[in-house]
Amino acid sequence: MLGGIGALARFWLDRAVGRRWVRPFPYGTLTVNLTGALALGIVIGIALKGDAYRLVGTGLIGAYTTFSTWMLETQRLAEEDERMIAARDIVISVTAGVLIAWLGEKIGAAL
Amino acid sequence: MGWLRQQVKAAGDPHALAAIFAGGFIGAVARAELGQAWATPRADSWPWTTFAVNIAGAFLLGYFTTRLQEELPLSAYKRPFLGTGLCGGLTTFATLQIELVRMLDTGHIVLALGYACASIAAGLIAVTVATNLVRGAIWQP
Chain A
-15 MLGGIGALAR
-5 FWLDRAVGRR
5 WVRPFPYGTL
15 TVNLTGALAL
25 GIVIGIALKG
35 DAYRLVGTGL
45 IGAYTTFSTW
55 MLETQRLAEE
65 DERMIAARDI
75 VISVTAGVLI
85 AWLGEKIGAA
95 L
Chain B
42 MGWLRQQVKA
52 AGDPHALAAI
62 FAGGFIGAVA
72 RAELGQAWAT
82 PRADSWPWTT
92 FAVNIAGAFL
102 LGYFTTRLQE
112 ELPLSAYKRP
122 FLGTGLCGGL
132 TTFATLQIEL
142 VRMLDTGHIV
152 LALGYACASI
162 AAGLIAVTVA
172 TNLVRGAIWQ
182 P
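Those protein sequence lines, which keep their order, are chains A and B. Numbering-wise (my numbering), the first sequence opens with residue -15 and increments by one. Numbering-wise (my numbering), the second sequence opens with residue 42 and increments by one.
The hints are simulated quantities; they were obtained by calculation from the structure and are not laboratory data. Do not rely on the hints blindly, as some may be mistaken.
[Stated by the list, open to error] Some chain B residues flagged as far from chain A (calculated, every beta-carbon gap over 10 Å): (1) 43; (2) 44; (3) 46; (4) 87; (5) 118; (6) 135; (7) 142; (8) 148; (9) 155.
[Unchecked claim] Rough simulated footprint, nothing fancy, chain A against chain B, three-plus residues with beta-carbon under 8 Å: (10) 95 to 109; (11) 161 to 168.
Owing to the predicted nature of the structure, the values given are computational and were not obtained by experimental measurement. Beta carbons are placed, not taken as given, at the ideal position from N, Cα and C, and that holds for glycine.
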């Protein structure tokens, strides 16, 4: 169930960001993915386990963030000769993603 | 009441939203089931479940998106269901990041780099191959 909600949340946030920042760079997906990484970090940090983790971590946040859209957008950017933007997207997503997830774990552990 | 109605309308076409919800539901369940079926990765082992669903999802999204872009008449519900819903729900960015953090935290730097690079490379290749497959098939005489 939460998977469906996660997907909807991603759709809305991506659309909202896309309306405000009409640029080739996929800020919508980045926003979704980084907020999701932070959230999952916090969930791990507070040591949610079992069914609760499956629902919130795997279900909700897992469906909320997306690897496939990130890959598709990058590939399409590269196709449209926006290779620099594609490269930046990859680097920023991964480095910021790891940092923010790590930060989330620390925050969760402190809660 | 007027404001509420406006917000509901702004949320989007209810059928498309339902399609996204259904797709996300199925994708997430598939990923969870696979995660249950395969062993939970330790910090020093390759996270096969996440890797598999991510690459498969990237391939599928490349396939569906390219297919639906070229398909006429345009379907209002297939893309939300298959793309945003199913592939978006099946794949996950957050879990990948957590796995990388775990690897780095426990000193498995090479593994982390390998996993990150492999995921991205395989993901991009998957999208490209799927896209080209569809385009090649469409333009077949």
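Hint check:
{"no.": "1", "hint": "43", "result": "holds, 21 Å"}
{"no.": "2", "hint": "44", "result": "holds, 17 Å"}
{"no.": "3", "hint": "46", "result": "holds, 17 Å"}
{"no.": "4", "hint": "87", "result": "holds, 16 Å"}
{"no.": "5", "hint": "118", "result": "holds, 13 Å"}
{"no.": "6", "hint": "135", "result": "violated, 4 Å"}
{"no.": "7", "hint": "142", "result": "violated, 5 Å"}
{"no.": "8", "hint": "148", "result": "holds, 14 Å"}
{"no.": "9", "hint": "155", "result": "holds, 13 Å"}
{"no.": "10", "hint": "95 to 109", "result": "holds (count 7)"}
{"no.": "11", "hint": "161 to 168", "result": "holds (count 5)"}
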